[in-house]
Amino acid sequence: MQTFDLTTADQDFIAEVESRSHQNLKTCYQCGNCTAGCPYTFAYDYSVSQIMRLIQAGQKEAVLQSRSLWLCGSCQSCTTRCPNLIDVALVMDVCRHMAREAGYATERAVKVFVDSFLKSVERHGRAYEMGLMVAYMTRSGRIFTDVDLAPTALMRGKLPFKPHPVQGREQVARIFERFRQGGING
Amino acid sequence: MRIGVFICHCGSNIAGTVDCPKVAAKALTYPDVVFSTDTMYACSEPGQDGIIAAVKEQQLDGVVVASCTPRMHEQTFRRAVERAGLNRYMFEMANIREHVSWIGKIMEDNTIKAQELVRMAVEKLRRNRPLIPKRFETVKRVLVIGGGVAGIQAALDCADGGQEVVLIEREQSIGGKMAKLDKTFPTVDCSSCVLGPKMVDIAQHPKITLYACAEVESVGGYVGNFHITIRRKATYVDWNVCNGCGLCLEKCPSHKHPDPFNENLCTAPSINIPFPQAIPKKAAINPQSCLKLTQGKCGICATVCPLKCIDYEQKDELVDVDVGAVIVATGYDLFDWHKYPQYGQGRYPDIITSMQYERLLSASGPTGGQIKRPSDGKEPKNIVFIQCVGSRDRSVDRPYCSGFCCMYTAKQAILTKDHLPDSQSFVFYMDIRSPGKLYDEFTRRAMEEYGAHYVRGRVSMIYPQDDKLLVRGADTLAGTQVEVQADLVVLAVGAEAAAGAAQLGEKLRVCPDQYGFFVESHPKLKPVETNTAGVYLAGACQGPKDIPASVSQGSAAAAKVLGLLSKKELESDPAVARVNQPRCVGCGKCIQTCPFGAIKEVADRFGNPKAEVIDTVCQGCGICTVTCPQGAIQLEHFTDNQILAEVQALCPPKIFANYE
Chain F
1 MQTFDLTTAD QDFIAEVESR SHQNLKTCYQ CGNCTAGCPY TFAYDYSVSQ
51 IMRLIQAGQK EAVLQSRSLW LCGSCQSCTT RCPNLIDVAL VMDVCRHMAR
101 EAGYATERAV KVFVDSFLKS VERHGRAYEM GLMVAYMTRS GRIFTDVDLA
151 PTALMRGKLP FKPHPVQGRE QVARIFERFR QGGING
Chain V
187 MRIGVFICHC GSNIAGTVDC PKVAAKALTY PDVVFSTDTM YACSEPGQDG
237 IIAAVKEQQL DGVVVASCTP RMHEQTFRRA VERAGLNRYM FEMANIREHV
287 SWIGKIMEDN TIKAQELVRM AVEKLRRNRP LIPKRFETVK RVLVIGGGVA
337 GIQAALDCAD GGQEVVLIER EQSIGGKMAK LDKTFPTVDC SSCVLGPKMV
387 DIAQHPKITL YACAEVESVG GYVGNFHITI RRKATYVDWN VCNGCGLCLE
437 KCPSHKHPDP FNENLCTAPS INIPFPQAIP KKAAINPQSC LKLTQGKCGI
487 CATVCPLKCI DYEQKDELVD VDVGAVIVAT GYDLFDWHKY PQYGQGRYPD
537 IITSMQYERL LSASGPTGGQ IKRPSDGKEP KNIVFIQCVG SRDRSVDRPY
587 CSGFCCMYTA KQAILTKDHL PDSQSFVFYM DIRSPGKLYD EFTRRAMEEY
637 GAHYVRGRVS MIYPQDDKLL VRGADTLAGT QVEVQADLVV LAVGAEAAAG
687 AAQLGEKLRV CPDQYGFFVE SHPKLKPVET NTAGVYLAGA CQGPKDIPAS
737 VSQGSAAAAK VLGLLSKKEL ESDPAVARVN QPRCVGCGKC IQTCPFGAIK
787 EVADRFGNPK AEVIDTVCQG CGICTVTCPQ GAIQLEHFTD NQILAEVQAL
837 CPPKIFANYE
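Residue numbers (my numbering), protein chains in the order written: chain F, 1 to 186; chain V, 187 to 846.
Just chain F, with the same shape it has in the complex (with noise of 0.2 Å):
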C-alpha cells in the first residue's frame, strides 16, 4: 500500500475543490452513509468515503487518478444521505472534471462514451444512436459491445440509420463552441 505523506497535503488542491464544488469538505467526519448507499462501490478502486478523506487528506494525483470518478452514475445516493449535508456527487462531479483537466482519464471507455455522446449531440442537435455506437466502438476498440442488444433495438426503431431532423441544431452547436471559448464556466 502507497505511504501519503500527510505534511506536504496539497492545500491549493483542496481548496479547488472547495471552490469548485461550493461545499465545505471539513465537515465530513466520515460516517460512510455514502460509501453504504453507493450501487457502484463493488467497482470502485476508492470507495466515496475514503475519495472525501483523500481530498480532505490534500492527495491530489490519487484522487485524480481514482477510477472510482469515471465510475460515479451521478445517482445523488450519497447526496441524499449526507448527515453533513455535503453534495458528495457534485465533489464526485468536480473531481472528474479536475482530472480530465489534468489529462487522467483512468476509465478510458468511460471517457470516450462520453466524448462520442457529447460530438454526437453537438453535430445533431440531439444524440444520434447508430452514429453514436459507431463512433464508440471505434474508438473504443470495443466492437462487441451490447450489440446483442441490436436486434432488438433495431426491431423497435430505436437505432435509426439515419440522423433525426431537429430543430436549433445551430443553436445547441454555438452552446459547445461558447464553451470551448470559455465562456459558460466563466
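The hints are simulated quantities; they were obtained by calculation from the structure and are not laboratory data.
Positions of the beta carbon are idealized from the N, C-alpha and C atoms, including for glycine.
Any given hint might turn out to be false.
Just so you have them, the derived chain F footprint on chain V, three or more residues with Cβ under 8 Å [to be verified]: (1) 572-583; (2) 589-595; (3) 652-663.
Listed next, with one range per pair, are the computed distances between beta-carbon atoms [what the hints assert, rightly or not]: (4) F:Glu122 with V:Asp295: 52 to 62 Å; (5) V:Asn450 with F:His22: 36 to 46 Å; (6) F:Asp5 with V:Glu634: 31 to 41 Å; (7) F:Glu122 with V:Tyr649: 47 to 57 Å; (8) V:Tyr701 with F:His22: 19 to 29 Å; (9) V:Ile292 with F:Asp5: 51 to 61 Å.
For this one, chain F is given, so just place chain V on it according to the hints.
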C-alpha cells in the same frame, strides 16, 4: 469625589492587546480620578488587597476596575470595596476583556477603546450613590418539577436536609425514563431494583408532597418567595381512596389503545396503572379511549371498584403553593426517528427504538423479558444496532452527541447475548464515546466477551427480504460496503429537549438553548444554577445525561437549594425602579408595561393616583423607566443621568471636544 482606577492585565488576556499602563495613565486625567494603576490580576488576593489599601491610603470614595465582564467578577470587587469600608455600589466595572482585548487585535485601537470604556465608567461612578439592600424572609419549601431519577434524587436530598418538598410529575407515576429501562450500564444491575426503593422513599417521606398527573400552571414571585399554581389533571379516580388493587384494570372492556409506558409495543386498558412498581400506585382513566367518557356507555370500573372511587365527573384542580426555590428536572425526549427515510419510516415493524428494545428485555415488559420481534413473535437471530440515530447529524438539526447511546447499545448487545446465546449482534457506530468510569472497559467487554460485531460505518438502507430485513451499510475501516440479513433492527435514538420545556422555561424565565435544553448560569462554575435566582436545574433538561450524571446533578441542585434556604433572610438587589412621587401623574403606563407585576397603584395624601414599586418583585429591567412620559420613574444605579453621562463621555458634545 475621589476615584481610584485599576486596570487589570488578566495575565496576557488583556495586556496582550491593550497597553494597560497607558490606559491607567490616561485615567488620571479624568475628572475626580486621584489614583490610577495597572495590576496583574485584580481579582487575585494581592490584587484585591491592593484595591483595599489604595482606598484607605488615598481616602477614595469610589473605585473603577477595568477587567473582565461584570458577570465574572462584579461580586468579587463589590465585596472588596465593601471590605475597604465603602458602599458596594460605589464601584464600577469596565469590561476591557470580552469587549476589547478578546475581540480586537490592533493594540493601538484597543487601547483607545479601553480608555473610552474606563472614561464612561468614571463618569457613571461620579453619579453613583450608596444603596442599601432590603432584607426579606424566605419560604422554607422547595418545588421539584419532574419525577425522573434527577428529580427524585433532588427531592430526597432536600427533604433529608430538612426542607419541605413539593414534587410534581406530568405522568401518572414518577420514575421517568429510568423506570422503563431493564438494566443499567456499566454494572448491568436491574434498573427498577435500584430506582424502586428511591421511589418508595418519595411516597413515604413525611416532608415530601407528591402530585402526579400535574403540571405547572403559572409562576409568580421571586427567589425565596415564589407563588406556584399547579394544575392537577383529572384522573377520574379519587386518589385519596384508590388503593391500587387493580380490579378495574382487569374488567375494563376498552383495552385496545397503545400503552405509552411500554412504548406502544402492546395495548393497555383505558383505566390503568402503568407498571407494578408505580408511585403513586393509583389507577387513572385515559379520557381519549374510555368508553364512558367518550360515548357515555360502560361504567364497568365504577361498578367493580370495591372502594367506589371512580368519578367520571372529576375536573382539573388548581393548587397554590408558596416555595422558596424551584428545581427543574423535566428530563428529555427521544428523537423521532421517522424523519429518516432510510429506516423505513415505520413501514417495517421489526425496526424498533432502543427504548422499545429495553421494554422487550424487561421482565415486566410486554413479552415478559423474552426477546420476540414485533412482526411475528419469533426470536431474532441476527440483530442490528444502529447508533447515532438523531445524534451528530446536521441534516436533522441534531449536531450534538447524545452521550449515552454508545453505552446503552453496548449494554443491549451484552443483554442480547445473555437472553439469546445463539444470536449475533451487529453494531453500526461512527465513534464509540465511553469516557465514564469503567465505561470503555464495558464496551470492550461487549466486543471481546460477548462477541458483538462492531462495524465502523453507517447504514444507508434497509429493505425487506423474505421475512428478514436486509441492512446495507458501510465498513469504513475496510473501505467496503457490508450487508446483514437481520431479524431485528434496533435504532439507538438520541436525546432531544422534552416537549413542553419551552413553555415551562417561559413561565420560570429560564432560557432554552438553540436545541431547547435549559441554559445553566455558567458552563463550568455554575452548572446547576440558572440566570433566574432561586431556580435550579437537574438532569437531562440541561443537556443529554446518563443516570450517574443526572443523580449527581440532582444532589448538586439540592445542595444549592439547602444553602439558599439555610439563610434566615435574603438581600434584595437595591438596583430597582423608584418613583419620584411629586413628578408621577398617575397615568399607569408603567403598571401596564411591567413584565413582573412589580408596580402597583397607590393614592397620595390628596387621593391622587401614584405608582409605587414593590422592591422585592422588581427585577430592575428598566422597561418602566423608558415608558414613563414624565421621567418620574428611575432605575436606581442606572438612572437617566448616569446613562447620559456615559453616552456623553463616549460622544462628547462638539464644542467641548474642540475645546479639549
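Outcome of the hint check:
Closer than 8 Å: that is the beta-carbon criterion, and the segment 572-583 of chain V has 6 residues meeting it against chain F, so the requirement of 3 holds. With 0 residues having a beta carbon nearer than 8 Å to a beta carbon of chain F, the segment 589-595 of chain V misses the requirement of three or more and the stated coverage is violated. By the rule of at least three residues with a Cβ nearer than 8 Å to a Cβ of chain F, the coverage given for the segment 652-663 of chain V holds, with 5 such residues. Checked against the hint of 52 to 62 Å, the C-beta distance between Glu122 (chain F) and Asp295 (chain V) comes to roughly 59 Å, which is consistent with it.
The beta-carbon spacing between Asn450 (chain V) and His22 (chain F), approximately 43 Å, falls within the hinted interval of 36 to 46 Å. In this structure the supplied range 31 to 41 Å holds for Asp5 (chain F) paired with Glu634 (chain V), their Cβ-Cβ distance being about 35 Å. A hinted range of 47 to 57 Å is violated for the C-beta pair Glu122 (chain F) and Tyr649 (chain V), which are about 41 Å apart. Judged by the Cβ atoms, the range 19 to 29 Å given for Tyr701 (chain V) and His22 (chain F) holds: they are separated by roughly 27 Å.
Taken as a hint, the range 51 to 61 Å is violated for the pair Ile292 (chain V) and Asp5 (chain F), whose Cβ atoms sit roughly 38 Å apart.
When held up to the earlier numbered hints, the structure conflicts with 2, 7 and 9 and fits the remainder.
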